[in-house]
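K.L.:
Take these sequences, add in the hints, and give me the full structure.
2 protein chains.
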Amino acid sequence: MGADLQSNTYLSPGIQAMLPFLYAAWSDRHLSVPEIQSLRREAGKLPFLTEEDRQILSDWSDPVHPPSRERFQQWLTSGRRAAEDLPEDRTASLAELGIWLGLAAEDEPEAKTTFWQEQLPALHQIEAGLGGIREDTYRALFPQYDQREKLHEAIRESTVDPAELQRILEGDHAATIARVREILLRPSFERTTLRIKEDYREQVLRWCKELAREGIGALSYPREYGGQDSMADYAAAFETIAYHDLSLTIKFGVQFGLWGGAIYNLGTKRHHDAYLEATGKLELPGCFAMTETGHGSNVRGLETTAVYDHENRELIVHTPSVAAGKEYIGNAMHSRMAAVFCQLIVNGESHGVHAVVVPIRDESGHTLAGIRVEDNGYKLGLNGVDNGRLWFDQVRVPVDNLLDKYGGIDEEGRYVSPIESASRRFFTMLGTLVGGRVFVPRAGLSAAKSALAIAVRYGLRRRQFPSESMRSETIILDYPNQQRRLLPLVAKAYAVQFGLDHLLDRYVSRTEEEMREIEAMAAGMKSYATWFATAAIQECREATGGKGYLAENRFADLKADTDIFTTFEGDNTVLMQLLAKSLLTEFNKSFQEDGNIAVLKYLGRRVTTIVTEQNPYVVRQTDREHLENRSFYVSAFHFRARRLLSTLGSRLRAYIKGGMSSYQAGLLCQTHMIKAAEAYVEQLVLDESLKRVEMVREQQHLSDGLEPSDGTAATTADLLEKVITLYAAHTIEGHAAWYLESGYISGQKSKAVRKLVDILCAELRPEAGALVDGFGIPDGLLGAPIAL
Amino acid sequence: MGADLQSNTYLSPGIQAMLPFLYAAWSDRHLSVPEIQSLRREAGKLPFLTEEDRQILSDWSDPVHPPSRERFQQWLTSGRRAAEDLPEDRTASLAELGIWLGLAAEDEPEAKTTFWQEQLPALHQIEAGLGGIREDTYRALFPQYDQREKLHEAIRESTVDPAELQRILEGDHAATIARVREILLRPSFERTTLRIKEDYREQVLRWCKELAREGIGALSYPREYGGQDSMADYAAAFETIAYHDLSLTIKFGVQFGLWGGAIYNLGTKRHHDAYLEATGKLELPGCFAMTETGHGSNVRGLETTAVYDHENRELIVHTPSVAAGKEYIGNAMHSRMAAVFCQLIVNGESHGVHAVVVPIRDESGHTLAGIRVEDNGYKLGLNGVDNGRLWFDQVRVPVDNLLDKYGGIDEEGRYVSPIESASRRFFTMLGTLVGGRVFVPRAGLSAAKSALAIAVRYGLRRRQFPSESMRSETIILDYPNQQRRLLPLVAKAYAVQFGLDHLLDRYVSRTEEEMREIEAMAAGMKSYATWFATAAIQECREATGGKGYLAENRFADLKADTDIFTTFEGDNTVLMQLLAKSLLTEFNKSFQEDGNIAVLKYLGRRVTTIVTEQNPYVVRQTDREHLENRSFYVSAFHFRARRLLSTLGSRLRAYIKGGMSSYQAGLLCQTHMIKAAEAYVEQLVLDESLKRVEMVREQQHLSDGLEPSDGTAATTADLLEKVITLYAAHTIEGHAAWYLESGYISGQKSKAVRKLVDILCAELRPEAGALVDGFGIPDGLLGAPIAL
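Top line first, the protein sequences correspond to chains U and R. Counting in the UniProt record's numbering, the first sequence runs from 1 upward without gaps. Counting in the UniProt record's numbering, the second sequence runs from 1 upward without gaps.
Please note that a few of the clues may not be correct.
The list treats identical chains as one, so a pair stands whether inside a single copy or across any two.
[What the hints assert, rightly or not] Below, in silico cross-link-like pairs of lysine-lysine (DSS-like), each with a Cα-Cα straight-line distance of 27 Å or less: (1) 755 x 675; (2) 589 x 751; (3) 657 x 675; (4) 589 x 281; (5) 657 x 755; (6) 112 x 581; (7) 675 x 751; (8) 581 x 722; (9) 751 x 269; (10) 751 x 581; (11) 601 x 112; (12) 657 x 45; (13) 675 x 45; (14) 209 x 281; (15) 722 x 45; (16) 269 x 601; (17) 751 x 657; (18) 581 x 755; (19) 405 x 112.
For the record, the hints were derived by calculation from the structure and aren't laboratory data.
P.N.:
Here's what the structure looks like:
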């Protein structure tokens, strides 16, 4: 080959530049007259061809004298070698090859770079003029051509059907989701840019009313009040609305979930009869007035009071100080009523927090006497939600307005409650709040899915050099760095959904005994999912560059609207500490209950771990089979969760034994607590994801028994397993320092995990389009021009 | 002590609750009559006191019979023990202690929690009624009381004077910064909420004009055109404006830096005379029309053409296709002229990219013939900047409009250039763009500083339980988790500034030979600083919870406006790869030039590293002295930078040797390249930061020789050294997995580094207020109500 190339060296730069064209022209061993004419005519205009060059070109394009086999092979070899050297961003074009060959043949290539660069348009013209160059020609010249073509095909046809993925994600609620989607795609829901909050809020109110008219708001209410009695369908509707507009989602949640939920869960039949149907239809807009400025997360310490006046059978609702005002209340500017949480005082005795329905506006929207409302003003996002502050000045309402399911006032003016323990009563009432922690992360996940769908589609379609004369184009997602940015997030979106689905199932079918556990789980999943949403949307914005910064491409709103999700319904760092404390209580309880047996069991498990997972061989094992095996990564997740919790317990005990107060000890372990809680959530997410993969696999086996298999479902299960493996490997990679410190993996194994993430990203790259289409977000809701 | 407590156990819950009050009442061994009356009267109303309890209370508050020393001690012991058990968020109050004691004495505490909780207001009233309880009493009861008081003091008086820090940060440009600050604090610069982009843009234009009238825009121009000839002062002004409004900052940069910079740097005297003074005064608004839709980062491939017509001595500027339109051009809607970058074609020959001044609007603002302008619409942020798209349809301008410093057309119509090499000419012209990469990260850093100042001040001042009856309050920044969130970012802000200052110095005093190196450094620092800004502002928003979500507290704009900084002036991931390639070239060059000596040197350094840094003792060394020693962390930074670069080189060589094209090999190493570039930047930032610390220390020594030292400057240098140590330790912690994988540190050492970060955060907590005040942002510019 060296000799072949050598024999080309006498050729001038100009002729070198023409070789790819000569090769292409002769590659089917036949040159048409128009082709010859085009080639010679265009070549005549080229400034870099000398008279001598033109003569050679004319000889070599003489149809009567085809080139010798050797010469033809030389042209191919030169071209192919140049193709290998083509710098980044260059694509399969003869023009590019010609430039490269010409430049390389110059005596001082640096000085001639611009000159040759500027010849590109003319050479493109010649390439176009040759017409009908066969794919084979490109394939022969460009070593990566085949692979690229495969990638193009992969976009068009990945190995799975997105509809199949969508079926799995939507589960039993496909019908509800489809119905809500249909409504959101109506012309009346068309998005417009409304920068002034009052305009935007009016639009969101109109949208919310339309959803209410269609019965979507009442889905979780009993049938006799216009509902479907299905909390799960309500959740499905809620997360689907989040594909459209997050202000609408939150307002919808406040009206039907919080206000309606308070009436339904804390009220009795007379309240249901009076308010529920009108609430579901949004004929009665209401708000949930719990939080106070001075008591962000301390519900028990609320200062608003409701004093019972037996003579008039009335409650006097009052805000004792400015700081006791109700803060950040959604729907505050549109509501006619409020469920006000306050200390109930009967006969001078306080019975703790109860909710009272207080009318705040008349039918024409005027604020009633004794009510003060203040707009919260512009926020970072969610400006379509009318948040406000509320104060009550000795406002009198009939005692019937007390939502008295768990505590009321009888005819004689005595406080009565079916729950004796004030503490249990309080926590039972507070159970209505947990719903928010189950639903909000689903809306956050929807936003992340929208962002990922937009960024991945943009990554699959964008051409960096879109000039028409080029045949092939660079797909952004072919860059490993872009794969690294987006694919682990796509995988995590699937895993998080499986975790949230489990939480929802548990929540919907909960018993009272399970509530504490479910509350802790909800606290953890809410934090994990909303942190994920914030990070994923940010990464997508950056991955789409300047295009992603234009409001029309939706990252502006997705980012801004979801940013508060990590704070509301409980600040994530606080929630994670709550979860950790709950886990610790369980952990300690099991020790206390089982006594020495528990200790032996625990030690036994540690010994087993050391033998099976932490032996020197496994710690260093780096083969792909091992790393992709569930036994490795599931064990790693469980090990981390277990170890972080037990070391947390030990640390706390040691501090307290050393004379520290439990408060101080807790402070010192804050970061540790958050990590332990995160590890628990990750273990849950992984376990539940793998269960879902198995369900998909089993369904396939079942249908295999009934009818001839087309192999679809098996492939889907395999793909999902790979997705979850990526989630697992990427998560372990993120905690690599901890695993290394713990001696659970060696440095080599840590590198191998990183490499596995690279490989899985590359392997999932052709499936990326199907994976985001599987989210089932219609183009009309996705909206972003760069994704369409 | 057990016995003492035992002897209390016969007391009823009610009396237990009163013990702290009894202790306080008797703590000065003297009970006034009003105190006795208040205590007895209020106690009479308490529902939890039995008749018997009241009798005991009456006995124990009999002024004639003070308690025995033993009994008094018992009260203290009980109270103190309860104080230690107080849960989170409770503060030093007798009322809280009473509740806790009463509850603890109940048979079934769980059932009574709410009941006791509800006694809090009444007990607070008693506490207030006792009047003038001495600090000593609180100090005796609450073990942490002293420490808390110390922290309070620390906020008021940290060990350094913020003005001293400010002096260091502002350096030689204090006067310019002060002057710009004074202008920005004028009533005319008051911020208002302008949601509609047209309104906002008009306001920004007005502000920009006022700055121009004050000569701020022209700072970098020669004196004869109204300037000060100081690029560094221009930079100082630019970063100060970023404390006010980032749309203004960017528009200011476009008008004076990009448009004015093009005139000044690419034009000749006739252009300077014609445009520069009017540009500096903003009487002539202009824009910098380089980027095209189809060629985001490929300036050489721009498609807009300027064809020379010798007959009329005119240039015909033309956009050949829609995709060749100029994209995202700042100032596009307000400009009267544009510096249009296009391929210059003379006599049918292209001479590469040149800039031509093209009038686009007449004096009354109407678009001229042949010009099409389109608004880019709403963006995620920076909506006060009028970005637009531009197309030219055969627009004729006199040949004099060609900015011809590096290439022009002579009287005979021939292309002439002082730089023969087209390539060198191109890169010289492009040098004007690098300024943006030097200035933009400074604006990003200003935004991060604003966010940090707001979040830290909020963390220092917020009281979680602000009810008036409580004497002490919880400071959010006392939570270790909050310290962890904010203090490493404050430290990094200092380090990044020192790095950026170095870059600016190099840029301002650059020679042509240094340009390549400075360009690479600017690419890296721009990426590092803007990524930092995005992350820091996000963390600050989350750390301030719901308050941080209100637009008035400024995170909304800080986040949205800076989000594009990671993309514009070059996408960060692309820039980092550029830097890596440049580093690799240098690395390879030094090998080639020095030949075997270089190899030996390199191997020698590796051997030295292995002996001095990677020996088993050092790898496991965990004492604080070692970890805080520069020799540890500087070596660690250098090791990482060196190792990542040399392994990058090896990997690339191996791939290429194995038959891969350099394009493919580069793709596979993308992530590695970015990491290598990051390590280089971090090493630079650390080295330059330590140099600055030394400068501060030396100045102190100098002034020591002249006058008696008050110890201030020495403390400042020590504080700065601690700040940089935190930056170093936190950075190493972030790369812990890599250091562990490389065997550079052991698992124990990795844990010790994490612990060191905790300790440094706690130690810097009392300095946090001074550190952010040192940024020198006046309250009037900080603006956020939560920070004031």
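K.L.:
Now tell me, hint by hint, if it's right for this structure.
P.N.:
Hints and how they fare:
1. Taking CA atoms no more than 27 Å apart as the test, residue 755 paired with residue 675 passes in both settings, with 25 Å inside one copy and 15 Å between copies.
2. In the homo-oligomer, the alpha carbons of residue 589 and residue 751 never lie at most 27 Å apart, since the shortest distance is 39 Å inside one protomer and 30 Å across protomers.
3. Taking identical chains as interchangeable, the C-alpha atoms of residue 657 and residue 675 lie at most 27 Å apart only when both belong to the same chain, with a minimum of 23 Å there against 44 Å between chains.
4. Proximity of residue 589 and residue 281 under a CA criterion of 27 Å is satisfied in neither setting, with 47 Å inside one chain copy and 75 Å between copies.
5. Taking CA atoms no more than 27 Å apart as the test, residue 657 paired with residue 755 passes between copies only; the shortest distance there is 21 Å, against 45 Å inside one copy.
6. In the homo-oligomer, the alpha carbons of residue 112 and residue 581 lie at most 27 Å apart only across protomers (22 Å), although the nearest pairing inside one protomer, at 69 Å, exceeds that limit.
7. Proximity of residue 675 and residue 751 under a CA criterion of 27 Å is satisfied in both settings, with 23 Å inside one chain copy and 15 Å between copies.
8. Neither within a single protomer nor between protomers do residue 581 and residue 722 lie at most 27 Å apart by alpha-carbon distance, with minima of 34 Å and 34 Å respectively.
9. In this assembly of identical chains, residue 751 and residue 269 lie within 27 Å of each other by CA distance neither inside one copy nor across copies; the values are 63 Å within and 59 Å between.
10. With identical chains, the CA atoms of residue 751 and residue 581 are at most 27 Å apart between copies only, with a shortest distance of 23 Å across copies and 34 Å within one.
11. When the C-alpha separation of residue 601 and residue 112 is checked against a cutoff of 27 Å, the pair qualifies neither within a copy, at 76 Å, nor between copies, at 36 Å.
12. Taking the shortest alpha-carbon separations for residue 657 and residue 45, neither the intra-copy value of 91 Å nor the inter-copy value of 40 Å comes in at or below 27 Å.
13. Proximity of residue 675 and residue 45 under a CA criterion of 27 Å is satisfied in neither setting, with 69 Å inside one chain copy and 47 Å between copies.
14. Taking the shortest Cα distances, residue 209 and residue 281 sit within 27 Å of each other inside one copy (7 Å), while across copies they are farther apart (54 Å).
15. Taking the shortest alpha-carbon separations for residue 722 and residue 45, neither the intra-copy value of 55 Å nor the inter-copy value of 69 Å comes in at or below 27 Å.
16. Taking the shortest Cα distances, residue 269 and residue 601 never come within 27 Å of each other, neither inside one copy (51 Å) nor across copies (87 Å).
17. For the identical chains of this complex, residue 751 and residue 657 are inter-copy neighbours only, at 23 Å across copies versus 40 Å inside a copy, given an alpha-carbon limit of 27 Å.
18. In this assembly of identical chains, the alpha carbons of residue 581 and residue 755 lie at most 27 Å apart only when taken from different copies (22 Å versus 36 Å within one copy).
19. In this homomeric assembly, residue 405 and residue 112 come within 27 Å of each other (Cα to Cα) only across copies, at 21 Å, whereas the closest approach inside a single copy is 86 Å.
Of the hints listed earlier, those the structure fails to meet are numbers 2, 4, 8, 9, 11, 12, 13, 15 and 16, in rising order.
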